[in-house]
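These protein sequence lines map, in sequence, to chains A and B. Going by this note's numbering, the first residue of the first sequence is number 1, and it counts up by one from there. Going by this note's numbering, the first residue of the second sequence is number 1, and it counts up by one from there.
Just to be clear, a hint being listed does not mean it is correct.
Given that identical chains are not distinguished, each listed pair holds provided it fits within a single copy or across any two copies.
[To be verified] With a straight-line cut-off of 25 Å between C-alpha atoms, the simulated DSS-like cross-links for lysine-lysine are:
id	residue 1	residue 2
1	K23	K133
2	K197	K67
3	K23	K67
4	K197	K56
5	K97	K23
6	K126	K74
7	K126	K56
8	K74	K97
9	K56	K23
10	K90	K197
11	K23	K197
12	K82	K23
To be clear, the hints were calculated from the coordinates, so they are not data collected in a lab. Since the structure is predicted, the reported quantities are computational estimates derived from the model, not experimental observations.
Number of protein chains: 2
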Amino acid sequence: MRYPAAIERLIEHFMRFPGIGRKTAERYAFHVVHHVDAETATDFGTALRRAVDDVKPCVTCGFLTDKTTCDICKNPDRERRKILVVEESKDAIVIEKSAIHDGLYHVLNGVISPSDGVGPEDLNLKALLERLKDPDVEEVILAMNFSEEGETTAMYIDRLLENSGLLVTRIAYGMPAGGNIGYADALTLAKALEGRKKY
Amino acid sequence: MRYPAAIERLIEHFMRFPGIGRKTAERYAFHVVHHVDAETATDFGTALRRAVDDVKPCVTCGFLTDKTTCDICKNPDRERRKILVVEESKDAIVIEKSAIHDGLYHVLNGVISPSDGVGPEDLNLKALLERLKDPDVEEVILAMNFSEEGETTAMYIDRLLENSGLLVTRIAYGMPAGGNIGYADALTLAKALEGRKKY
Numbered sequence: 001m002r003y004p005a006a007i008e009r010l011i012e013h014f015m016r017f018p019g020i021g022r023k024t025a026e027r028y029a030f031h032v033v034h035h036v037d038a039e040t041a042t043d044f045g046t047a048l049r050r051a052v053d054d055v056k057p058c059v060t061c062g063f064l065t066d067k068t069t070c071d072i073c074k075n076p077d078r079e080r081r082k083i084l085v086v087e088e089s090k091d092a093i094v095i096e097k098s099a100i101h102d103g104l105y106h107v108l109n110g111v112i113s114p115s116d117g118v119g120p121e122d123l124n125l126k127a128l129l130e131r132l133k134d135p136d137v138e139e140v141i142l143a144m145n146f147s148e149e150g151e152t153t154a155m156y157i158d159r160l161l162e163n164s165g166l167l168v169t170r171i172a173y174g175m176p177a178g179g180n181i182g183y184a185d186a187l188t189l190a191k192a193l194e195g196r197k198k199y
Numbered sequence: 001m002r003y004p005a006a007i008e009r010l011i012e013h014f015m016r017f018p019g020i021g022r023k024t025a026e027r028y029a030f031h032v033v034h035h036v037d038a039e040t041a042t043d044f045g046t047a048l049r050r051a052v053d054d055v056k057p058c059v060t061c062g063f064l065t066d067k068t069t070c071d072i073c074k075n076p077d078r079e080r081r082k083i084l085v086v087e088e089s090k091d092a093i094v095i096e097k098s099a100i101h102d103g104l105y106h107v108l109n110g111v112i113s114p115s116d117g118v119g120p121e122d123l124n125l126k127a128l129l130e131r132l133k134d135p136d137v138e139e140v141i142l143a144m145n146f147s148e149e150g151e152t153t154a155m156y157i158d159r160l161l162e163n164s165g166l167l168v169t170r171i172a173y174g175m176p177a178g179g180n181i182g183y184a185d186a187l188t189l190a191k192a193l194e195g196r197k198k199y
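Okay, chain A solo, but in the shape it has when bound:
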C-alpha cells in the first residue's frame, strides 16, 4: 500500500525545501489533494516558474528584483552618501520598513561561511567595490547578522575597504528592546558591555 505516484512526486518536491521532512511534506501534499483546486494549483506552478525566471539581483545593489535596477537604486531622493550593507534582501526590507535609513543598500546575497563552502568570491562584493568609486559615497554601514559568519563577513569587508578613505561603520550589537538581562545569553551580554557608552 503506497501513496499514488502523483502524491509521492509532490512529497519529493516539498522535501527539497529547507526544514521540511517527510512528515511535513506528506501533510502539505495532502493539503493540496484535499484543499487546492485545479486553478490554484496551476497558478502556484506559474508562480514557481516566474520566481525562478523573473527574479534576479539588481545589477547595482544585489537586491532581488524583477527589473534590471531596483526601485531604491533608481530613486533620486535617496541619500547617496551612505550605503548600508546587508546579507539578504529580506534584511533590507525589514530595515526599510522601520524607516531608519534614507541611504542606499547593498545586498551581499550570502555570508562568508567556510563550513558551507561559501567564500568572499561567492558574495556580491565586486559590484560593491564598483559602487564605492562614486565620489558621492562617504560611509559604508555594515549590518551583518550577529553570528560568526556575519562577524567574519563584516571583518572581511572592513579590511577590504581599509585604504579606501571611506568611513566604515557597523551597527551596534547588544540587548534588544524589551530584552531581559536575566534571560540574555552570554554573547549578547558581552557585546552589550563591550559596546557601552559614556552616560
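Position chain B relative to chain A; hints supplied.
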C-alpha cells in the same frame, strides 16, 4: 521597497498551507529563487496539478488513489471479514507498513469536529454502510486517533452499527512502547488503567 511581484505571489501560495506563516513562506520563496532551476519549478507545478487532478478517494474504501478502486480493495488475498476504519489515508499506510492487519481498510477522510463544522455527513460513511452489506464482513475495527474528535467519531460509528449484528471493536489506548509512566500525561494513564487486563 517590496519584494518583486513574482516573490509576493509565491509567498501567498505557501501561506495557504497549514502551519506556514509569513516568515516561513518567505524562506521557501527565497529557496525557490536561489536554489530551484526552471525545470524543477515546472515539474513541481505539474506535480501540483497531477495531485489535484489524478488523486481521488477509492470508491470502495476512501483511500487516496489514482485508480477507481485501490490496490488493497482489489487484492483477492486480503481477509474480507475484517474492516479497519481509520481517519486518514496516512493512518492506513502506517498500519499497513507494520504488517499487523491482513483485512481491508476504510478511510473516513476526516473526523467529526463540530468546532470545525465537520459533521458525520462530511465523512466517508455511506460507502462504509454499503460495504457492510457484504455477508463476508464480520468485524469492524475502529482505529481513530486518541483525541476528542476521534472518540466522538468512534462512538458515532459504534452507535450507527448497534443493530447491524457486526462485531464492532476499537483499538486499545494506553502506554506506548518505551513510554515512561513518570512522564505520561493523565489521559494516557487513565486509558491505560481503564483498559487493564487480568494478568
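Exercise. Classify it for me, K90 with K197: is the Cα-Cα distance of at most 25 Å met within a copy, between copies, both or neither?
Key: neither (30 Å within a copy, 59 Å between copies)
Quiz item: For K97 vs K23, is the C-alpha pair at or below 25 Å within one copy, between two copies, both, or neither?
Solution: Answer is between; shortest inter-copy Cα gap is 15 Å, intra-copy 35 Å.
Practice problem: Please work out whether the CA atoms of K23 and K67 approach to 25 Å or closer within one copy, between two copies, in both situations, or in neither? | Solution: between (38 Å within a copy, 24 Å between copies)
Quiz item: Between the shortest in-copy and the shortest cross-copy C-alpha distance, which are at most 25 Å for K197 and K67: within, between, both, or neither?
Solution: neither (43 Å within a copy, 71 Å between copies)
Quiz item: Is it within a copy, between copies, both, or neither that the alpha carbon of K23 lies no farther than 25 Å from that of K133?
Solution: Answer is neither: 51 Å inside a copy and 36 Å across each miss the 25 Å cutoff.
Quiz item: Which holds for K74 with K97 at a C-alpha limit of 25 Å: within a copy, between copies, both or neither?
Solution: Answer is within: at 18 Å inside a copy they meet the 25 Å cutoff, but 59 Å across does not.
Quiz item: For the identical chains here, do K82 and K23 meet the 25 Å Cα criterion within one copy, between copies, both, or neither?
Solution: neither (47 Å within a copy, 28 Å between copies)
Quiz item: Are the CA atoms of K126 and K56 at most 25 Å apart within a copy, between copies, both, or neither?
Solution: within (16 Å within a copy, 53 Å between copies)
Quiz prompt | Within, between, both or neither, where K23 and K197 count as close if Cα-Cα is 25 Å or less | solution = neither (50 Å within a copy, 34 Å between copies)
Quiz item: How do K126 and K74 come out at 25 Å by Cα distance, when the copy is not named: within, between, both, or neither?
Solution: So K126 and K74 pass the 25 Å test inside one copy only (20 Å; across, 63 Å).
Exercise. Pop the pair K56 and K23 into one bin, within, between, both or neither, using alpha-carbon distances up to 25 Å.
Key: Answer is between: at 21 Å across copies they meet the 25 Å cutoff, but 32 Å inside does not.
Quiz item: What label fits K197 with K56 when the C-alpha limit is 25 Å: within, between, both, or neither?
Solution: neither (41 Å within a copy, 66 Å between copies)
In the structure shown, a violation is registered for the earlier hints numbered 1, 2, 4, 10, 11, 12, in ascending order.
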